[in-house]
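Engineer: Chain by chain, the residues run as shown.
2 protein chains.
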Amino acid sequence: MSNKITSRSENFSKWYNDIIINADLAENSGVRGCMVIKPYGFAIWEEMKSLLDQMFKETGHVNAYFPIFIPKSFFSKEASHVDGFAKECAVVTHYRLKNDIDGNIIVDEEAKLEEELIVRPTSETIIWDTYKKWIKSYRDLPLLINQWANVVRWEMRTRLFLRTSEFLWQEGHTAHENKDQAIEETRKILAIYKDFIENNLAIPVVDGLKSSREKFAGAIDTYCVEALMQDGKALQAGTSHFLGQNFAKAFDVKFANRDGKLDYVWASSWGVSTRLIGALVMTHSDDRGLVLPPKLAPFQVVLVPIYHNEREYQELVSAMKKIAIQLRGLNIRVKTDFRDTHKPGWKFAEYEMKGVPIRIAMGPRDLANKTFELVRRDNLEKRTIEIDVIQDVIPNILAEMQSNLFSKANDFKKKNTFKVDDFDDFKAKIDNGGFVLAHWDGTPETEDEIKKITKATIRCIPIDSNHEKGECILTKKPSLKRVFFAKSY
Amino acid sequence: MSNKITSRSENFSKWYNDIIINADLAENSGVRGCMVIKPYGFAIWEEMKSLLDQMFKETGHVNAYFPIFIPKSFFSKEASHVDGFAKECAVVTHYRLKNDIDGNIIVDEEAKLEEELIVRPTSETIIWDTYKKWIKSYRDLPLLINQWANVVRWEMRTRLFLRTSEFLWQEGHTAHENKDQAIEETRKILAIYKDFIENNLAIPVVDGLKSSREKFAGAIDTYCVEALMQDGKALQAGTSHFLGQNFAKAFDVKFANRDGKLDYVWASSWGVSTRLIGALVMTHSDDRGLVLPPKLAPFQVVLVPIYHNEREYQELVSAMKKIAIQLRGLNIRVKTDFRDTHKPGWKFAEYEMKGVPIRIAMGPRDLANKTFELVRRDNLEKRTIEIDVIQDVIPNILAEMQSNLFSKANDFKKKNTFKVDDFDDFKAKIDNGGFVLAHWDGTPETEDEIKKITKATIRCIPIDSNHEKGECILTKKPSLKRVFFAKSY
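These protein sequence lines are chains A and B, in that order. Per the working numbering, the very first residue in the first sequence carries number 87; after that it's consecutive. Per the working numbering, the very first residue in the second sequence carries number 87; after that it's consecutive.
For the record, the hints were derived by calculation from the structure and aren't laboratory data. Glycine residues also receive a C-beta, built at the ideal position from the N, C-alpha and C atoms. Any given hint could be a false lead.
Each computed EDC-like pair below joins lysine to aspartate or glutamate, with the alpha-carbon atoms no more than 20 Å apart [claimed, not checked]:
#1 B:Lys-407 with A:Glu-144
#2 B:Lys-143 with A:Glu-144
#3 B:Lys-173 with A:Glu-195
#4 A:Lys-538 with A:Asp-550
#5 A:Lys-538 with A:Glu-554
#6 A:Lys-421 with B:Asp-345
#7 B:Lys-421 with A:Asp-139
#8 A:Lys-407 with B:Glu-201
#9 A:Lys-184 with B:Glu-144
#10 B:Lys-163 with A:Asp-188
#11 B:Lys-218 with A:Glu-113
#12 B:Lys-421 with A:Glu-144
#13 B:Lys-135 with A:Glu-133
#14 A:Lys-100 with A:Asp-110
#15 B:Lys-184 with A:Glu-241
If you want the footprint, here are the derived chain A segments under chain B, 3+ residues with CB under 8 Å [stated by the list, open to error]:
#16 211 to 221
#17 497 to 505
For reference, chain A alone in the conformation it holds in the complex:
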């Protein structure tokens, strides 16, 4: 482990990569564009999965699993979907290798598939092909299914967690008997995402609708949550799509409604991915390493003894094991590092780099005083605490850190959200980073023009905000409300 990480001010992008590598979250693999998620990074994903899965289940969703391969023809069935997804993808054309006369392994040309298979970039098509068999009547609805899976989108320029050819995600695919219920589901999931991301990842988000240029290929409306990273760029953290009857029509999925008439099924789909780990890093971490909100930290507390001889070591280990048991009894995730192969200073640096929220160190004098030394990762504050009060102190500090991290990120977001009415000012603000709330005339043409000039896109169109009328920042045409512009990941 090297502690040399680039500072954010020097090179944000390099800082990001340094954190991912030095905190042991992930690395590039021998396969172009694909990452290896290392155990520490994967443990964060497991915490996310477990929390989000519970939220899905509490709202009536169940998990299932659909094939990784999708026949090429399935994509052609939904016109806009195929343009968005079937282009940059992994194509399976053969199902056998063989030895050539020199003993080399080559593709067996006789084992060519009649129809090519696409490695799923998203599963709407294969799932709606299946739903056709499952849905006959309104009694079969709603169908509320989620899948945890790997997906592949061929990316030319990749960045760990943010954009890789293969990534992990969950994709929900629901079916409903009418439009209102499908929209209600789409919005319910958006609210779950916002709740999950704000209260567990401690990342404040803005939520709303995507413009037609930015929406999901095949959706009527795409809802999204967007977060602001420390470099002032926006990051799409999750999307929830109202699909109307598009996929039901493409795959001919009709049901007998309550009036006994055949109608097409209404749908939603929604997902978040391992990209959230990238958001986590870019929101909270600092120039010393990773900073993790306690709710997602694989270890919330790490215990390190400081000793000079074997007797001290034994006494400290024995005392610290008791503390670990006590904390685990409070459902706190504890790591003890009693390794004799590494010095305390090395361990301190390692756990600082890995963003463990609380570090507890104990030496012989602490033991005699029945105290320990505690360092918080968020503000690096050092305190001496009495062992007796550990049951109150540790949960309180963890809760405080969780809420402090959110407040800090929220302050940053507020300070970097600007209402702008002049286009020169707009360009300057966009260039400098942050969310810019500006009026827009509602046309894709204006959106394109603004993007061309400033590289900013509409990140989201607020739904419930006060409708403040105004004039488009570019065209001065009338506008019904301000929308969020930003440069983005």
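Starting from the structure of chain A, add chain B where the hints point.
Structural biologist: Frame of chain A; chain B shown alone:
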């Protein structure tokens, strides 16, 4: 849902398929050889995953994630591995589709990969390519990593859960500083599999070594657990491989050992898959439908009200909700079915088909008597129980069912395991089904000959059994111990 299922005696294979389909576990998809795991089937897999994952973590293993694609050349690096795995596989050759002049979606020949990618049939090669970067010294060992993933092996004849082109599994890949530790790990995992399968799936297994003909391509030794299905065929339930230094040599993974010298790393790999769901079905289910051991049942208890009018319905629902809360407080997984759209009889048949361990029904008379009717799925026994004692009765019955299912399967296994010394008797017993314990001279040639004549293979070579010397069943040459023969899935 249709309750018409073929009986086991009529056609075991059709019975198996009928159960899978009618209990809503899985179905074939629109993609050749790939299945859809439906929510009820997936819930069983989630229970398995959660129990097994905990056992892995308690023994020091951590999860990670490696790429789904493996460059073709990686397979060639371990000679026997490539023969076993790289032949029938999904080959990715292109990374883009495009529209042709008629608007059809076709493969873009300009987007041909320089080197083909294989969709992982197992991950030893990509993982050892990665371990090369992670392992420098004995201090980096042992490395105890597991991955939950989908894998693809192109299968021409597929059967739901038992043999599909894509399936879900876990694959452990560990690295050690010496041979003994690698073998200890291999055996530790075998013991975990046996414990997991016997105590949760309630399936008795025999454990031991595979013969050289049947072992994993690339392993020194393959350990396995084998179970006996109700039709007398054996099913491989899990394997744990001692890989020696084969993959370390193939991928040049050396470490500085405790003497400061460079040595190749020692390895194990091990896995169980969604095939276990097939084993579960074929071990316990009956001609009425699925039978599930309580520990893996998505719902352990289902509550169904029997009523004639709205008042009765309301009273029953209110009483049964209280029972459900009480049971959930005991960590029992409860489903309440208060749907007014289906009659009680229909519901009873449905939950019988789905193998819910305990069905509780209540009518107005039960309510007046403060009792309910309970039916156990394993023996279909019906009892009237007082609500007051529910906290004791239900957990006891669930525990009893769990152990009864194991005893029943174990009795079946014992009754169908035969010691045989005469080859005609051997052929007859094999033909009839069951494990046949017979002497074997230890040569692959004899094993092949026996397989040719009887279709039986050596399922496993016991490790710790008393070494009873004898003569080979076919060649009469000397043999050190009996081995398990059977026809298998």
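Engineer: Of the numbered hints stated previously, which ones are contradicted by the structure, given in increasing order?
Structural biologist: 2, 4, 5, 6, 8, 9 and 17
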